[in-house]
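Chemist: Protein chains in written order, with the working numbering: chain A, 3 to 331; chain B, 3 to 331.
Honestly, the hints are just simulated from the structure, not real lab data.
Only a predicted model underlies this, so the values are computations on that prediction, with no experimental measurement involved.
Hints are not guaranteed to be accurate.
Since the list gives no way to pick out one identical chain from another, each pair is judged satisfied if it fits inside one copy or across any two copies.
Claimed, not checked - Each computed BS3-like pair below joins lysine-lysine, with the alpha-carbon atoms no more than 27 angstroms apart: (1) 249 to 25; (2) 295 to 78; (3) 110 to 23; (4) 110 to 12; (5) 295 to 6; (6) 249 to 52; (7) 319 to 82; (8) 88 to 4; (9) 282 to 128; (10) 295 to 282; (11) 53 to 295; (12) 6 to 319; (13) 79 to 249; (14) 295 to 172; (15) 110 to 249; (16) 82 to 282; (17) 37 to 295.
2 protein chains.
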Amino acid sequence: MKVKMEEGEKDLKAVWMDDNKVKMIDQRFLPSELKFYTAGDYKDIHKAIKKMMVRGAPAIGVTAAYGMAQAIIQEKKIEKVAEHIKSARPTAYDLFNAVEFMLDHAEKPVKAAEDYASNVIEKCRKIGEHGSELIENEDRILTHCNAGALATVDYGTALAPIRIASERGKDIHVFVDETRPRLQGARLTAWELHNEGIPHSVIVDNASGHYMFRGEIDLVIVGTDRIVSNGDIANKIGTYEKAVVAKENDIPFYVAAPVTTYDSSTETGRDIPIENRDEKEIKMINNSLIAPKDSPARNPAFDVTPAEYISGFITEKGIFSPSELDDMF
Amino acid sequence: MKVKMEEGEKDLKAVWMDDNKVKMIDQRFLPSELKFYTAGDYKDIHKAIKKMMVRGAPAIGVTAAYGMAQAIIQEKKIEKVAEHIKSARPTAYDLFNAVEFMLDHAEKPVKAAEDYASNVIEKCRKIGEHGSELIENEDRILTHCNAGALATVDYGTALAPIRIASERGKDIHVFVDETRPRLQGARLTAWELHNEGIPHSVIVDNASGHYMFRGEIDLVIVGTDRIVSNGDIANKIGTYEKAVVAKENDIPFYVAAPVTTYDSSTETGRDIPIENRDEKEIKMINNSLIAPKDSPARNPAFDVTPAEYISGFITEKGIFSPSELDDMF
Numbered sequence: 003m004k005v006k007m008e009e010g011e012k013d014l015k016a017v018w019m020d021d022n023k024v025k026m027i028d029q030r031f032l033p034s035e036l037k038f039y040t041a042g043d044y045k046d047i048h049k050a051i052k053k054m055m056v057r058g059a060p061a062i063g064v065t066a067a068y069g070m071a072q073a074i075i076q077e078k079k080i081e082k083v084a085e086h087i088k089s090a091r092p093t094a095y096d097l098f099n100a101v102e103f104m105l106d107h108a109e110k111p112v113k114a115a116e117d118y119a120s121n122v123i124e125k126c127r128k129i130g131e132h133g134s135e136l137i138e139n140e141d142r143i144l145t146h147c148n149a150g151a152l153a154t155v156d157y158g159t160a161l162a163p164i165r166i167a168s169e170r171g172k173d174i175h176v177f178v179d180e181t182r183p184r185l186q187g188a189r190l191t192a193w194e195l196h197n198e199g200i201p202h203s204v205i206v207d208n209a210s211g212h213y214m215f216r217g218e219i220d221l222v223i224v225g226t227d228r229i230v231s232n233g234d235i236a237n238k239i240g241t242y243e244k245a246v247v248a249k250e251n252d253i254p255f256y257v258a259a260p261v262t263t264y265d266s267s268t269e270t271g272r273d274i275p276i277e278n279r280d281e282k283e284i285k286m287i288n289n290s291l292i293a294p295k296d297s298p299a300r301n302p303a304f305d306v307t308p309a310e311y312i313s314g315f316i317t318e319k320g321i322f323s324p325s326e327l328d329d330m331f
Numbered sequence: 003m004k005v006k007m008e009e010g011e012k013d014l015k016a017v018w019m020d021d022n023k024v025k026m027i028d029q030r031f032l033p034s035e036l037k038f039y040t041a042g043d044y045k046d047i048h049k050a051i052k053k054m055m056v057r058g059a060p061a062i063g064v065t066a067a068y069g070m071a072q073a074i075i076q077e078k079k080i081e082k083v084a085e086h087i088k089s090a091r092p093t094a095y096d097l098f099n100a101v102e103f104m105l106d107h108a109e110k111p112v113k114a115a116e117d118y119a120s121n122v123i124e125k126c127r128k129i130g131e132h133g134s135e136l137i138e139n140e141d142r143i144l145t146h147c148n149a150g151a152l153a154t155v156d157y158g159t160a161l162a163p164i165r166i167a168s169e170r171g172k173d174i175h176v177f178v179d180e181t182r183p184r185l186q187g188a189r190l191t192a193w194e195l196h197n198e199g200i201p202h203s204v205i206v207d208n209a210s211g212h213y214m215f216r217g218e219i220d221l222v223i224v225g226t227d228r229i230v231s232n233g234d235i236a237n238k239i240g241t242y243e244k245a246v247v248a249k250e251n252d253i254p255f256y257v258a259a260p261v262t263t264y265d266s267s268t269e270t271g272r273d274i275p276i277e278n279r280d281e282k283e284i285k286m287i288n289n290s291l292i293a294p295k296d297s298p299a300r301n302p303a304f305d306v307t308p309a310e311y312i313s314g315f316i317t318e319k320g321i322f323s324p325s326e327l328d329d330m331f
């Protein structure tokens, strides 16, 4: 991803390995400050994942792979390291996969970790290639949350088609849902688009329907955490509303994700457990209370969007409709 | 409205007249502090309206009526006072009406202002009476923004049926959309419900679709700024999304408003001009930037909800479907 820095524009990744050290953008300080974190050993890797300096399942996986490589070079007890790194985000599927991959490829650890990272990045680039064909010149595209390079090391999933369409000279405008409660759209997606020089507008989540109704949005692209057997998805809270309103206004609604996101063992979206997070994420903004202290808040982190609202899935293998999923994955 | 204070629960209004002074809750400090403002003359009234110590068209109208009464008692040049008060919010219809009413009833100014206020409150109480019949025991009701007592002096419009259903012993739960960007739901509606002792949960605007999809919301009630000839409405940004998702899930969607909100001279919602407000309302929360400073934001304050999504209008004269509007108003 392009990043504007004092010394000029640079091409950065969310996380990378340099001289046996694992380096990353510390995403907690974006968009106001661009800070970097260097992990010197596996305890730092655990901390970086746990404290959400790095977030997004693919980027966490790559961080874990680099952390494992570093620990192998440092001749740490690798089984113990593996357990410690995995415990940083106990529900992260990609984290486990990355650690297992490194245990299986411990003989050339740096090369293995770089292969793992390249594979993640290459999938995103292909998602971008396929998805960019859906984007016409002058399209106005809505996205929700941050499914960008910060979450996937480079390119992103939902943002990959947008990046590549823009690189190829298409004149586009991106509407960025701010994505309450954690504001990943306003904080991270807008930061990425600003750095890439892609025209965009931040809007409150409440306003996307207004722009859809007025015919000012041509296409919606979001990421996803899980695609289940019948084509339903789970994604950041609010995705369902966007999908329903898009369908009501005949606006195509696409979900961008690598094929590994497909979970054929779960039948429908209603079978996906929804994480409920701390009410402080809603009631406190920048350490300031925005609701009465005695008013309870409910904070589901994800919602389910049924397949009927999804025009297609943009994957590294091409674009598929929900009914084609079982054949293609 | 009930308000919990250190000396016990009190019955307060958003604005009232006491010993020829106009007193009000200074809403800018809610929910963290309950402060009052006393307007000593018409310049203070102008300031209170302009600085949004008081907000909501009906409450602004009553404030203006009391301010005019005070100025008449103080023997100010009344035409000049009228112009000054009207200039505080140049788009506020109720403000103009209140000032004109007082010019027509200047001989008994305090009685006239109290009549004006009583009329506003009585309409809201009747909206509450009619609307409460839509609410069943154990209903879970979604509301958006603040169409409460703070906006209408007492009872509210959307909150009036909720207050009266609760007073009559119905066991209800209110989902309160936080209502970005200005957070009137989290700040004001939650504060009112907390004070009334009505069970509620604050949610981000993104989450209401999730609860509708899961069958956890039985009824939606919102207020409105304007109802036009074909039954379309304009209301706080986000109302349209709630209405579309409610219809998709077969959840009744009601709009509560006095009949004066009906504007038969405007044909459809698409003819209503939408105010675009300062992007700072989105990008700055509690003086802290939540998006890149160079990322533009777009901030439409209202959206249009077409009549097809509206189950009915709850007014002081009863409940009407969109197709009955022309006959009834």
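Chemist: Against each hint, give a clear statement of whether it holds in the structure.
Modeler: A quick look at each hint next to the structure:
Taking the shortest Cα distances, residue 249 and residue 25 never come within 27 angstroms of each other, neither inside one copy (42 angstroms) nor across copies (49 angstroms). Within a single copy, residue 295 and residue 78 get their C-alpha atoms no closer than 47 angstroms, and across copies no closer than 44 angstroms, so neither meets the 27 angstroms cut-off. In this assembly of identical chains, residue 110 and residue 23 lie within 27 angstroms of each other by CA distance solely inside one copy; the values are 16 angstroms within and 82 angstroms between copies. When the C-alpha separation of residue 110 and residue 12 is checked against a cutoff of 27 angstroms, the pair qualifies neither within a copy, at 29 angstroms, nor between copies, at 73 angstroms.
Taking CA atoms no more than 27 angstroms apart as the test, residue 295 paired with residue 6 passes between copies only; the shortest distance there is 13 angstroms, against 40 angstroms inside one copy. Taking CA atoms no more than 27 angstroms apart as the test, residue 249 paired with residue 52 passes in neither setting, with 37 angstroms inside one copy and 41 angstroms between copies. In this assembly of identical chains, the alpha carbons of residue 319 and residue 82 never lie at most 27 angstroms apart, being 36 angstroms within a copy and 72 angstroms across copies at closest. Proximity of residue 88 and residue 4 under a CA criterion of 27 angstroms is satisfied in neither setting, with 30 angstroms inside one chain copy and 52 angstroms between copies.
Taking identical chains as interchangeable, the C-alpha atoms of residue 282 and residue 128 are never at most 27 angstroms apart, the minima being 38 angstroms within one chain and 37 angstroms between chains. Proximity of residue 295 to residue 282 under the C-alpha cut-off of 27 angstroms is found in both arrangements, the shortest distances being 10 angstroms within a copy and 25 angstroms between copies. For a Cα distance limit of 27 angstroms, the shortest separation of residue 53 from residue 295 qualifies both inside one copy, at 26 angstroms, and across copies, at 25 angstroms. Taking identical chains as interchangeable, the C-alpha atoms of residue 6 and residue 319 are never at most 27 angstroms apart, the minima being 32 angstroms within one chain and 60 angstroms between chains.
Within a single copy, residue 79 and residue 249 get their C-alpha atoms no closer than 53 angstroms, and across copies no closer than 58 angstroms, so neither meets the 27 angstroms cut-off. Taking the shortest alpha-carbon separations for residue 295 and residue 172, only the inter-copy value of 25 angstroms comes in at or below 27 angstroms, while the best intra-copy value is 48 angstroms. Taking the shortest Cα distances, residue 110 and residue 249 never come within 27 angstroms of each other, neither inside one copy (49 angstroms) nor across copies (57 angstroms). In this assembly of identical chains, residue 82 and residue 282 lie within 27 angstroms of each other by CA distance neither inside one copy nor across copies; the values are 34 angstroms within and 49 angstroms between.
In this assembly of identical chains, residue 37 and residue 295 lie within 27 angstroms of each other by CA distance solely across copies; the values are 17 angstroms between and 33 angstroms within a copy.
Hint check: violations occur at hints 1, 2, 4, 6, 7, 8, 9, 12, 13, 15, 16; the rest are consistent with the structure.
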